[in-house]
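4 protein chains.
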Amino acid sequence: MMFKETLVKDIPELKVHGRTTVCREPLTLFWTAGGFECNVTGSELWVELEVTYDVYEPWFSYTVNGDWVGRQMLPKGRYWVPLFRGMNPEKIKNMHFFKDLQAMSDDGNSYIHVHTLRHDGAFSPVADRRLKIEFIGDSITSGEGLFGAEQEQDWIPMFFSAVRGYTYQTAEKLDAEYRIFSQSGWGVHNTWDNNTRGAIPRYYKEICSLMPGSENERLGGNAPHDFASWQPDFVVVNLGTNDAASFDQPEFVDQYTKESHKMRREPDGTYRKEDMRSFQRAVKDFLALIRACNPGANIIWCYGMLGIDLQLYICEAVSAYARETGDSKVSYLQLPDTTSESVGSREHPGYLCHKQAAEVLAGYITKFL
Amino acid sequence: MMFKETLVKDIPELKVHGRTTVCREPLTLFWTAGGFECNVTGSELWVELEVTYDVYEPWFSYTVNGDWVGRQMLPKGRYWVPLFRGMNPEKIKNMHFFKDLQAMSDDGNSYIHVHTLRHDGAFSPVADRRLKIEFIGDSITSGEGLFGAEQEQDWIPMFFSAVRGYTYQTAEKLDAEYRIFSQSGWGVHNTWDNNTRGAIPRYYKEICSLMPGSENERLGGNAPHDFASWQPDFVVVNLGTNDAASFDQPEFVDQYTKESHKMRREPDGTYRKEDMRSFQRAVKDFLALIRACNPGANIIWCYGMLGIDLQLYICEAVSAYARETGDSKVSYLQLPDTTSESVGSREHPGYLCHKQAAEVLAGYITKFL
Amino acid sequence: MMFKETLVKDIPELKVHGRTTVCREPLTLFWTAGGFECNVTGSELWVELEVTYDVYEPWFSYTVNGDWVGRQMLPKGRYWVPLFRGMNPEKIKNMHFFKDLQAMSDDGNSYIHVHTLRHDGAFSPVADRRLKIEFIGDSITSGEGLFGAEQEQDWIPMFFSAVRGYTYQTAEKLDAEYRIFSQSGWGVHNTWDNNTRGAIPRYYKEICSLMPGSENERLGGNAPHDFASWQPDFVVVNLGTNDAASFDQPEFVDQYTKESHKMRREPDGTYRKEDMRSFQRAVKDFLALIRACNPGANIIWCYGMLGIDLQLYICEAVSAYARETGDSKVSYLQLPDTTSESVGSREHPGYLCHKQAAEVLAGYITKFL
Amino acid sequence: MMFKETLVKDIPELKVHGRTTVCREPLTLFWTAGGFECNVTGSELWVELEVTYDVYEPWFSYTVNGDWVGRQMLPKGRYWVPLFRGMNPEKIKNMHFFKDLQAMSDDGNSYIHVHTLRHDGAFSPVADRRLKIEFIGDSITSGEGLFGAEQEQDWIPMFFSAVRGYTYQTAEKLDAEYRIFSQSGWGVHNTWDNNTRGAIPRYYKEICSLMPGSENERLGGNAPHDFASWQPDFVVVNLGTNDAASFDQPEFVDQYTKESHKMRREPDGTYRKEDMRSFQRAVKDFLALIRACNPGANIIWCYGMLGIDLQLYICEAVSAYARETGDSKVSYLQLPDTTSESVGSREHPGYLCHKQAAEVLAGYITKFL
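Chains A, B, C and D, in that order, give the protein sequences.
Per the working numbering, the first sequence starts with residue 1, numbered consecutively.
Per the working numbering, the second sequence starts with residue 1, numbered consecutively.
Per the working numbering, the third sequence starts with residue 1, numbered consecutively.
Per the working numbering, the fourth sequence starts with residue 1, numbered consecutively.
The following block holds chain A by itself, in its conformation from the complex:
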């Protein structure tokens, strides 16, 4: 048994998942479910990672032959992590490595870099799946709350998960390759606490421009994303939950510019018409942007895993967008709400809710196939 150490850049058979740059020395993982997949013979497999962060350490999960087998916190440093050993050396094993933590817009140094694989076998190509899906969302899509006891309130990486979410589950049901573009607390128009910088559409055209600071610049996260390189069959947008919350949160004041923003309610409790118009305009504009970037994709706006407060407004905006543009490949789907039985940690949807959502969403997508 002879072990080889092969740089990721030297493994053309390796399939990279998630938006990232063209750099492979190392391969940088930005987003939830960013990662890589390989088919390999041999008895043993290790991966050499380089991990950085200031506050929020990344975690990863991985599957072997499609079954989830491990999950761990990644401390800072450059080191080898064992993935499997003792397996039948003749057989081809499929190994899929998932970043469990979202791109952390609050920590400009939180990254996983993948350098090298150590192994005693040979790589073979990973077959393409039937479909490609891009998921765009907030904490729900980032899998927040999918780990941790129900009473947990800490906002920490340990409670985020790629593989327990509706995204992974939907993709598995449909035999789809998928990518996630999501940020906890953010919305279409502003964050849960009224910060308009936390509007997902502002960052959609770059690889990962919501990560702040010079390290992201250096890594190329701020560079334009090459949409032509990966055109999804379906774009699933699951946004609106934080926009809804912002109507009941205090005004946000930018500490530098002193500019402030707040989504307001009328004295009778209804949403202020002007603010709602802004929200709906943001929905429509985002749909137009997604369409511009993904000309052939079926776009599904999803909503409802944490209540349906803005449902009618979202539907109105989606409908107006479709009518005004003649875009017939846009639709809306309500997802199952979180209940006391299906709740996870941090008052977020738990595994059961994500499972129900995946069933509904996969069933809906199937109708288009």
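Calculated from the structure, these hints are not laboratory results.
Just so it is clear, CB atoms sit at the ideal spot from N, CA and C, and this is done for glycine as well.
Keep in mind that the hints are not guaranteed to be accurate.
Across the chosen pairs, the derived CB separations fall in these ranges [unchecked claim]:
{"id": "1", "chain 1": "C", "residue 1": "SER229", "chain 2": "D", "residue 2": "LYS329", "range": "43 to 51 angstroms"}
{"id": "2", "chain 1": "A", "residue 1": "ILE92", "chain 2": "D", "residue 2": "SER340", "range": "24 to 32 angstroms"}
{"id": "3", "chain 1": "A", "residue 1": "GLY86", "chain 2": "D", "residue 2": "ASP226", "range": "31 to 39 angstroms"}
{"id": "4", "chain 1": "D", "residue 1": "GLN255", "chain 2": "A", "residue 2": "ARG78", "range": "44 to 52 angstroms"}
{"id": "5", "chain 1": "D", "residue 1": "LYS76", "chain 2": "A", "residue 2": "GLU5", "range": "12 to 20 angstroms"}
{"id": "6", "chain 1": "D", "residue 1": "SER340", "chain 2": "C", "residue 2": "GLN151", "range": "34 to 42 angstroms"}
{"id": "7", "chain 1": "C", "residue 1": "SER229", "chain 2": "D", "residue 2": "ARG202", "range": "54 to 62 angstroms"}
{"id": "8", "chain 1": "A", "residue 1": "PHE227", "chain 2": "D", "residue 2": "VAL55", "range": "48 to 56 angstroms"}
Fit chains B, C and D to the given chain A structure using the hints.
Just chains B, C and D, lined up with the frame of chain A:
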């Protein structure tokens, strides 16, 4: 053990369910889940029914102490039907009789009349439930397809059910009294086959004016409904499925007036704007009508148990209605779609789909309580 | 549409279910799930029944094309009952009529007799199923508690069911024809209240000799059963629950002979060895009897839906029987216990428990196929 | 934030799980679910492990506040592993570390040693649970097959799990502390391949004497176990599956002594009486041994998750043991069989089967409480 025969009109403790006239000699049952409920001591209970029909015979189901125990076809004639016997005579039993068949607009003689109860006990009042709900809908709300093997295609009363539907199940979960106003094949604007006479809103203000002919006139079904007598806390409208179907059905031509109607698609497959506007106007007008009749009710438009083709349009109309009228007690809820696992007979939602719908709907209503 | 009335005796295509005599004018139904099945064209079907009883009225259920559609109490008298109408006259419909009530050893006049079918079609043969199963048991096998609210305590026919039980469900899963031989409260050795007349094995060789009195004699229920006429592939014995209970019940004293009997415990709470030996002897003797009557059958002793107090003793007896006789086609299977979630009325297993039992039993039987 | 490194021996509040020696510098983990649990404040927690093996590397899982959050392979060496960070420093966190791999009788160097905890908080005692349970078993109890895709056939540590098993789940339902004494492939009388050295009872009186070699001697694994130090309320024995298999496997020949052994069948396929007597004697002897070591425990022999071939024989032996000794605190319980839906990897029970088993077992144990 001495049996008494007491006319329904002489039992003030008896609770009547469903829209009907003030006549109690006999009590006429028009709608799905129309019926009566009584609390009674004694060992035995029979009911004297008078049943008429030309084509579609009624069926009934009943519960004893809240548990469903029997269901049978009702042949023509006036006769006694046994409901229970041999029970502990001291205890109060609750018996609830449900018409399983909808008001049959195709058979102006299909009625159940309730004349008399035979018993050896004493009646006591039936306590009011926590809530009142009115369900307005089509075949789904009429419980079509809840009995019968999956391959059944006959359109017959045997396959309609009151007690297996989402209506009964939702009411049970919420401890609600409920009424059903529904007609298989009908919609907000027209029937599945483009007949504008089959628009549910046209009949909403009368007791049961969709039943044709002189017998219904004689029974008082065409008389105005006294809305003040029973004001629901929630009105659940589950319409749109047949309107959606009509876009893909041939033109309807009235055999007498030769007038014709059809909901059309544009050459590119989208809904014709003019027809969609008519549909949306019908949604808005119906909401206004429901509101006028039920000033304090929370109105929930539900949709989705057989697909969500018109969802965006319904939502747009509901939203426009709410904005234009300032009516804040109107909302929209998507219900679970029928799958190959949850389908019933006649390609309709089966028990499992209705169960899932009841969970979603009851959970949603609970948020308002 | 011309209706014919055809005597049961004149319908050779009709399949009779359950132990009964050779008489077909009328066909008498004795046991739970006793009934008949027919394949028939035409739009409508009625059955002419003759029903007698002193105390315990029979109920019946029926399926159309394998789906249960109706259930009702049968009052005394001879009359016609409608089963279906309005169906597509060209298609062959399968109709299966089930006696829901067990043979009632406490009411020597409780019978359903089937005289005639009224129809407008033609009969065709009912295909044989893959297997034949005989179920022998007590109230669990008689389906007691499968209808009625959880708090019900009345011992009445309304709460017995053929089609909700594990017997029907097991047979459906396995595509089996089945018969039931059961009596509520009875055991292998004695009844729950220590009456040795209520030992199921004493009646096994006759058609239905546990029904008392002259009417049963007249009907032929006391005549020997012709085992050769229907040899089961599997005999499932589900007995022991009442034997277990009898150790904690008072002595039974026969009111005529003054003979008494009681299964006793030792002062330390354990079962008295002598009484346990009697019980185990009864188990072994019954196995020998079943084997003698069904030479090729696979015999499965089941137990556990209401606790497993006697499990070790039953297993010991089954094992001893197998060893002593060299009979290798005998085994033992524990069935799922009743829980607070799966309980029905009268503290008996409910539908959920029977469903779980059917899954376990059908899975076990499948291993032999 | 100041981090302290505290030797395990200096943390009296730490609760050790699983049979082990009195040594705490380091604490050695031998068995499946061997581990430790602590209540600790502070934001961060690391553990210093020392891991050795020749062939079979250990894995561990851990829970934070009762929710499973991580699982990973442990390479050789002495190093720090991060468990949590970034948590609210004021709150007490409960952390429970589980060895996922069984004591590996085929690798005398496969151990986890726990040296030190690094933390920035303070420890407080872990409350006792309501019950103590000891589980004795084979691969099923070792959680083999609970990870890995269904097609996996490699016999490797990755596919063993402590926290997905019926043991953990049963303990959680009952609020019990538990220990596991198990070995894959072993039985009461011999291994699946007829090796009589693999008889679980032979090793029951020592701490962990089935581990071979000098390292185990050095660690104290061969020393007598101090039963008085931890008296279980329930001993659950789940053995017999491998004994059953051995009747259909070739003779085992010891490579050194040349002694051979085989459990045989008679020509007619039945178990040879003499061999069956040996098996049953082993069952009885083991019960006597368990009783001697655990005078007050309720002993439950479980069986059935991979078929019930020996059920009657086990029951007979259990029953004979109880009768002959007058031991009334012994019983037998059948556990749910593995189905095509509930199977895991390596043709072993999967998570669903273990979940069903835990429900049955916990429900049964509850009856004694």
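Which hints, by number, does the structure contradict? none
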